[in-house]
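Asker: Starting from the given sequences, assemble the full structure and let the hints guide the process.
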Amino acid sequence: MFQKPRGTRDFTPEEMKKRRYIENKLREVFEKYGYLEILTPTFESFELIAKKTGEEIRKQLYVFKDHGGREMALRPEMTSPVVRFYINELKILQKPLRLYYFANCFRYERPQAGRFREFWQMGCELIGCKEPLADAEVLNLAMDGLINIGLDFDVHIGHLGVLKGVLEKFNISEEEEIKIRRLIDKEDYENLENYLTQILDEEKKDLIFEILKFKGGKEILEELKEILKDFPKSIEAINNLEEILEFVIYDKYTINFGIARGLDYYTGMVFEIYGKKGAKQICGGGRYDNLIETFGGEPTPAVGFAYGFDRIMMNIDDLNIEEERILIIPIKKDKELIKKSLIIADKLRKSGKIVEFEIMGRKLKKALNYANVRGFKKVIIVGEKELNENKVTLKDMVTGEQKLVDIDELTNLIKTK
69 MFQKPRGTRD
79 FTPEEMKKRR
89 YIENKLREVF
99 EKYGYLEILT
109 PTFESFELIA
119 KKTGEEIRKQ
129 LYVFKDHGGR
139 EMALRPEMTS
149 PVVRFYINEL
159 KILQKPLRLY
169 YFANCFRYER
179 PQAGRFREFW
189 QMGCELIGCK
199 EPLADAEVLN
209 LAMDGLINIG
219 LDFDVHIGHL
229 GVLKGVLEKF
239 NISEEEEIKI
249 RRLIDKEDYE
259 NLENYLTQIL
269 DEEKKDLIFE
279 ILKFKGGKEI
289 LEELKEILKD
299 FPKSIEAINN
309 LEEILEFVIY
319 DKYTINFGIA
329 RGLDYYTGMV
339 FEIYGKKGAK
349 QICGGGRYDN
359 LIETFGGEPT
369 PAVGFAYGFD
379 RIMMNIDDLN
389 IEEERILIIP
399 IKKDKELIKK
409 SLIIADKLRK
419 SGKIVEFEIM
429 GRKLKKALNY
439 ANVRGFKKVI
449 IVGEKELNEN
459 KVTLKDMVTG
469 EQKLVDIDEL
479 TNLIKTK
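In our numbering, the protein residues as written are 69 to 485.
Think of the hints as simulated: they come from the structure by calculation, not from any bench. Note that the structure is predicted; figures quoted are calculated from it, not measured. Warning: the hint list may mix true and false statements.
[Claimed, not checked] Now the in silico label distances, taken between C-beta atoms and shown as ranges: (1) G122 / D78: 30 to 36 Å; (2) Q180 / G218: 25 to 31 Å; (3) E291 / D269: 20 to 26 Å; (4) D256 / D78: 34 to 40 Å; (5) L481 / L104: 25 to 31 Å; (6) P73 / L104: 29 to 35 Å; (7) D256 / K72: 16 to 22 Å; (8) D319 / D274: 29 to 35 Å; (9) R183 / L405: 51 to 57 Å; (10) Q162 / N440: 25 to 31 Å; (11) D220 / Q180: 20 to 26 Å; (12) Q266 / K93: 54 to 60 Å; (13) N216 / S113: 57 to 63 Å; (14) S113 / F277: 20 to 26 Å.
[What the hints assert, rightly or not] With a Cα cut of at most 30 Å, we get these calculated DSSO-like pairs of lysine-lysine: (15) K400 / K348; (16) K163 / K120; (17) K283 / K247; (18) K471 / K408; (19) K286 / K301; (20) K85 / K133; (21) K100 / K345; (22) K119 / K133; (23) K254 / K293; (24) K272 / K120; (25) K93 / K281; (26) K345 / K85; (27) K273 / K293; (28) K100 / K297; (29) K247 / K232; (30) K119 / K100; (31) K415 / K459; (32) K403 / K459; (33) K345 / K400; (34) K453 / K403; (35) K445 / K459; (36) K401 / K459; (37) K345 / K254; (38) K297 / K281; (39) K272 / K254; (40) K286 / K232.
Even for Gly, the Cβ is constructed at its ideal location relative to N, Cα and C.
Answerer: If you want it as C-alpha cells, here you go:
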C-alpha cells in the first residue's frame, strides 16, 4: 500500500476547514493594510535559490533537472521568488509596492515536531521604501494578524546594524560575519566563542557577547549607546531602531540584539515572533535593502516577513467553526420528485446555504441516521403529497422537532451560521 512521502501530511476536511478559516482571517488583515496577493511558481532555477546562500544549501532542497537539463529546485521560501518576480515584471509599478502571498514551500530536512518537508508560508513584502515607518508598518501588520486570530505571542525585535557596525570596525570580513551570524542564529554560543577566540582578542570577543545579551524594553537602548559610543555605525543602527519603535502601535515586544536571522540577506531591523505553546517561532522578518540589487535589479529598499502557517495552526486550541449544513432527502426514488428536490437545493444554495443532497437512494430512516452521524443540524424531507401543496418537512436534528413549511419561506427559516 502506498504511503505519503516522509515529512508531508494529509489534511482531513475538519483540519482544512480550520486552516482555511485561519488563512482567511490573516488575509483580512493583509488586505486591510492595502497589500495585494501574488503567487510565484512552485519551482525556480536552483541558481536563484542558491544566489545568496551558496551551493551548501543544495542538501537542504529538493533539486532536480528538467528534460532540458536545466537545474531546478522546489522553493524553500518565498522572498527570493518574489524578488525575482519584482525584477522581471513588477519594478515598473509605483512605489511603495505592497505584496502578500500564501504558498507551500519545501525543504529536505529531518522531520520533527513543527518541522515538515512541505510546509506553508504566508507573508508580505513592502518594496521601495527605506523609511522607518515602513519597518513599523510590517511589524504592526505581523502583530495585527496574530491578534485577529486570537493568538498569544511574544515579539523580539533587533537590528543587525548594531553588531555589523562593531564587526566592521574590528575589520571582520564578510565571510567571517556570515559565519558569526549563522552561529548566533543557531544559538550555538560554544562554537561562536571558539570561533571568535580564533579571530579576535578577548576584549573584542567580550564586547560581542555583551551586545548579544542585551534584552529588554526601550530603556536599554540608551545604555547600549553609551557602551558603543565609539562605534558610529552601531549608534546609527540604534537610532534607526528607536525611530521604528516610535511607530509600532503595540508595546508588546522585547528588544533583543541576539537575533541574527538564518537567511543572509537581512540588513537592518529584524524580528521574530514566538507562540506561547511550546515557544516555537511562528513568524520572522526584517529589512533586506541589498537583495534586489544582488539578484540583478536596481538598488531598492525592502522589508517583509513570513508566518510559519503550520506552526500557527499548532498554537490554535479548540477552534470550533460552526456552519449550518442542510441535507435534502427525497422521500422516494422518483425522477420528478428528485428534479423538484434539486430545484429546492439550487434555490437554497443561491441564497448562501450549504446544502447536500441524498444521492444514495436510501430509505428515510437510513438517510436520517446518515444526517445524524455527519452532524447535520437541519434536514429537509421532500414528499409528493407535501410538494403538491408547495410544502416540505423541515426537521431539526438537534431537538428532533419537525414541521411542514412553505417552500418559499425556507430561506428565511434556515439561518446559515
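Asker: Against this structure, judge whether each hint is valid.
Answerer: Comparing the hints with the structure gives:
For G122 and D78, the hinted distance range of 30 to 36 Å is satisfied, since their beta carbons lie about 35 Å from each other. Taking the beta carbon of each, Q180 and G218 are about 27 Å apart, inside 25 to 31 Å as hinted. Distance hint check: the CB atoms of E291 and D269 are about 24 Å apart, consistent with the given range 20 to 26 Å. Judged by the Cβ atoms, the range 34 to 40 Å given for D256 and D78 holds: they are separated by roughly 35 Å.
At about 40 Å, the CB distance of L481 to L104 disagrees with the hint of 25 to 31 Å. Restraint check, P73 to L104: a C-beta distance of roughly 33 Å satisfies the suggested window 29 to 35 Å. D256 and K72 have their C-beta atoms about 33 Å apart, which leaves the hinted 16 to 22 Å range violated. Take D319 and D274: their Cβ atoms lie about 31 Å apart, and the range 29 to 35 Å holds.
Look at R183 against L405: about 54 Å separates their beta carbons, and that is inside 51 to 57 Å. Between Q162 and N440 the CB atoms are about 57 Å apart, so this pair departs from the stated range of 25 to 31 Å. A hinted range of 20 to 26 Å for the beta carbons of D220 and Q180 is consistent with their spacing of about 23 Å. Taken as a hint, the range 54 to 60 Å is violated for the pair Q266 and K93, whose Cβ atoms sit roughly 49 Å apart.
Our hint of 57 to 63 Å for N216 and S113 is violated, since their Cβ atoms are close to 36 Å apart. For the pair S113 and F277, the beta carbons lie near 40 Å from each other, so the given range of 20 to 26 Å is not met. In summary, the hint linking K400 to K348 is not supported, as the alpha carbons are separated by about 55 Å, beyond the 30 Å threshold. Taking the CA atoms of K163 and K120, the gap is near 25 Å; set against the 30 Å cutoff, the hint holds.
This hinted pair checks out: K283 and K247 have alpha carbons roughly 23 Å apart, not beyond 30 Å. For a cut-off of 30 Å, the pair hint linking K471 to K408 stands: about 19 Å separates their Cα positions. About 19 Å separates the Cα atoms of K286 and K301, which keeps this hinted pair within 30 Å; it holds. Distance restraint check for K85 and K133: the Cα-Cα separation of roughly 36 Å exceeds the 30 Å cut-off, and the hinted pair is therefore not satisfied.
Proximity of K100 to K345 is assessed by CA-CA distance (about 28 Å); at most 30 Å being required, the pair is judged to hold. Note on K119 and K133: the hinted pairing holds, with a Cα-Cα distance of about 18 Å set against a maximum of 30 Å. The straight-line distance between the Cα atoms of K254 and K293 is roughly 26 Å, inside the 30 Å bound, and the hint therefore holds. Pair hint K272 plus K120 holds up; C-alpha atoms about 28 Å apart against a cutoff of 30 Å.
Distance check on the hinted pair: K93 and K281 sit about 36 Å apart at the alpha-carbon level, beyond 30 Å; violated. A hinted pair counts as satisfied when its Cα atoms are at most 30 Å apart, and K345 with K85 qualifies at roughly 21 Å. About 18 Å separates the Cα atoms of K273 and K293, which keeps this hinted pair within 30 Å; it holds. Restraint check for K100 and K297: the C-alpha separation of about 41 Å exceeds 30 Å, so the hint is violated.
A distance of roughly 13 Å separates the Cα atoms of K247 and K232; the hinted pair therefore holds under the 30 Å criterion. For the suggested pair K119 and K100, the alpha carbons sit about 34 Å apart, so the restraint of at most 30 Å is broken. Restraint check for K415 and K459: satisfied, since their Cα atoms lie roughly 14 Å apart, inside the 30 Å limit. The hinted pair formed by K403 and K459 meets the criterion: a straight-line CA distance of about 18 Å does not exceed 30 Å.
Restraint check for K345 and K400: not satisfied, since their Cα atoms lie roughly 52 Å apart, outside the 30 Å limit. With a C-alpha separation of about 15 Å, the suggested pairing of K453 with K403 holds against the 30 Å cut-off. Restraint check for K445 and K459: the C-alpha separation of about 20 Å stays at or below 30 Å, so the hint holds. Only pairs whose Cα atoms come within 30 Å are accepted, and K401 paired with K459 is accepted, the gap being roughly 19 Å.
For the suggested pair K345 and K254, the alpha carbons sit about 20 Å apart, so the restraint of at most 30 Å is met. Straight-line distance between C-alpha atoms of K297 and K281 comes to about 18 Å, which keeps the hinted pair within the 30 Å bound. For the hint linking K272 to K254, the alpha-carbon distance of about 21 Å falls within 30 Å, and the restraint holds. A hinted pair counts as satisfied when its Cα atoms are at most 30 Å apart, and K286 with K232 qualifies at roughly 20 Å.
Hint violations for this structure: numbers 5, 7, 10, 12, 13, 14, 15, 20, 25, 28, 30, 33, all remaining hints satisfied.
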